[in-house]
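Student: Keeping their order, the protein sequence lines are chains A and B. Numbered per the numbering used here, the first sequence finishes at 328, counting up by one with no gaps. Numbered per the numbering used here, the second sequence finishes at 1328, counting up by one with no gaps.
In case anyone wonders, no lab produced these hints; they're calculated from the structure. Please note that a few of the clues may not be correct.
Per the computed footprint, the stretches of chain B lying under chain A, defined by three or more beta-carbons under 8 Å from a beta-carbon of chain A, are [to be verified]:
1. 1233-1243
2. 1250-1260
3. 1265-1275
Glycine included, every Cβ here is placed at the ideal spot set by N, Cα and C.
Number of protein chains: 2
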Amino acid sequence: MARAWHLTSRPTGMPTADNFALKELAQAELGDRMVQVKNSYLSVDPYMRGRMNDVKSYVPPFQIDAPMEGGAVGEVIESRDPAFAVGDQVMHMLGWRDEAVAAGTSLNKIPALGVEPREFLGMLGLTGATAYFGLLEAASAKAGDTLFVSAAAGAVGSAVVQIAKAKGMTVIGSAGGAEKCDYVRSLGADQVIDYKAGPLVKSLGKAAPDGIDVYFDNVGGDHLDAAFAHAKQNARFAICGMIDVYNAAEPQAFRYIMRVISMRIRVQGFIYTDYLPRMGEFYRDMGGWIASGAVKSRDTVVDGLERTPEAFLGLFSGANTGKMLVKL
Amino acid sequence: MARAWHLTSRPTGMPTADNFALKELAQAELGDRMVQVKNSYLSVDPYMRGRMNDVKSYVPPFQIDAPMEGGAVGEVIESRDPAFAVGDQVMHMLGWRDEAVAAGTSLNKIPALGVEPREFLGMLGLTGATAYFGLLEAASAKAGDTLFVSAAAGAVGSAVVQIAKAKGMTVIGSAGGAEKCDYVRSLGADQVIDYKAGPLVKSLGKAAPDGIDVYFDNVGGDHLDAAFAHAKQNARFAICGMIDVYNAAEPQAFRYIMRVISMRIRVQGFIYTDYLPRMGEFYRDMGGWIASGAVKSRDTVVDGLERTPEAFLGLFSGANTGKMLVKL
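Just chain A, same shape as in the assembly (with noise of 0.2 Å):
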């Protein structure tokens, strides 16, 4: 009997194990067109916090007593869809349990460029790609500028320190703790800011004493305010995720937003799927760097689906270093 993690209450705040539950799903028969996944990877994401307010936004809210969903690999075990075969490695959204029946056509097959599907969870997935046009699209990045990062350990700020360093820029990674700030460095990041050492301002002004061009926020609070206070002129921040906000019932506060005007910067929200049609792009430049060793990949990995949430819970604790996963 397949089993999944139901939403049991809206949280306030920061969640807890107490607003899930892992209950059975009645079994449906395959109908028509249908296909049977047995999932072997499942990706927890911070963005699966805000569907789980009530409120209308880019996705909609997660349903109280119903499975909770997020992108998942896995395999075909059984199909009713003729463009899929028992034995297809596919890509979906019906995460958070170990079996999903899913229409053939809310599946992707995964494209054969010679790397581990659960890569398609990462720097091949929602997480690379979220880095590659916030990036270069959103924050009009190019070779010489001088770029901050946030979160340069997490998913989404590994894949940036890489392709800013691929695409030449000068990077200034923040991370939380001595082991992260070493991970950031070994990926290339010509600076690394440790944000438990100090006051942010004060450090990221000793790390870019001449300002900086973008930044590329993964976490709001200080360290946009931060940013604010360095912006060289016409700097253009990227404004991809904000994981202090998302648990905190207090408005968030800046000293230094005024600087926006004299310094005339841009600042740009997105969502990778604005660029969905342009992911050829994509697999080819991600490609051929995950290819020659440019863009490496990192997951921290939870076992089993019972940790689900502890693993999805850990993204707001700091618990991972690059993606994080849960593998079944």
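Chain B: place on chain A using the hints.
Tutor: Coordinates of chain B only, in the frame set by chain A:
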């Protein structure tokens, strides 16, 4: 003997009359290429508050115990620069004083557009150019857009309302109090919000049930937060001024800033001087609108050099409708 207002101390928070003193200026010998001007109108503008802080910005800070500066128009009364004759009407940046002695190269003859010289401190000066380039360039506003503009009864705001209507936009303006709201309505705004009458987030939601495409920000703070709350997808914000913030000791707090991501909002800071090479376009369009009556200017005029600080301080208590000027 010429007199000028001097900055005698740097304000912390809201400036007061005690920060300024009116002093006689030592009579300088009129050197070669120098011009003496008798000022007729002085401009006071919110940006001057920023120059009172001792911080590097897009204009250098005012110096303590030195004369204040600012936009002014006047008549040449003596000239040792062959480019200027006695009787010429000129605009320049040596305001806050009754007479100015300046190098001819720092004066601009007022173009012969058949309008009052004082218009070049308003609709045809910094004020109008800020509205024009901010709206049409920084915010990329176009016909059919729904625009929200704060401080719509102010100098820049009232210009924005009229330019937007001339360009075929739907305009929602905010102002404080019934009298100012009536004025904004008289400029052609489709809807007017009295921000003193209730919470902005609610009022803006009512005025723009489908959301806003463009926000022209003159105030920051709660207005900016309300604009985040009601932005449509791909909304563009031009950040022109943050009058709520200039004197604030506390950081600005935002409850809806995360919508930058979900709505892919673009926030663009700007300063009109970036567009100086394009003033020809501006004179052509704005001159035409003034001639046709599509754009009307209204000033708040305070009489007498002695009252210059009072006029300046009035900008922060909402004493002005339209451009605030001092008449000498």
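Student: Now tell me, hint by hint, if it's right for this structure.
Tutor: Here's how the hints hold up against the structure:
| no. | hint | result |
| --- | --- | --- |
| 1 | 1233-1243 | holds (count 4) |
| 2 | 1250-1260 | holds (count 10) |
| 3 | 1265-1275 | holds (count 8) |
Violated hints for the displayed structure: none, as all numbered hints are satisfied.
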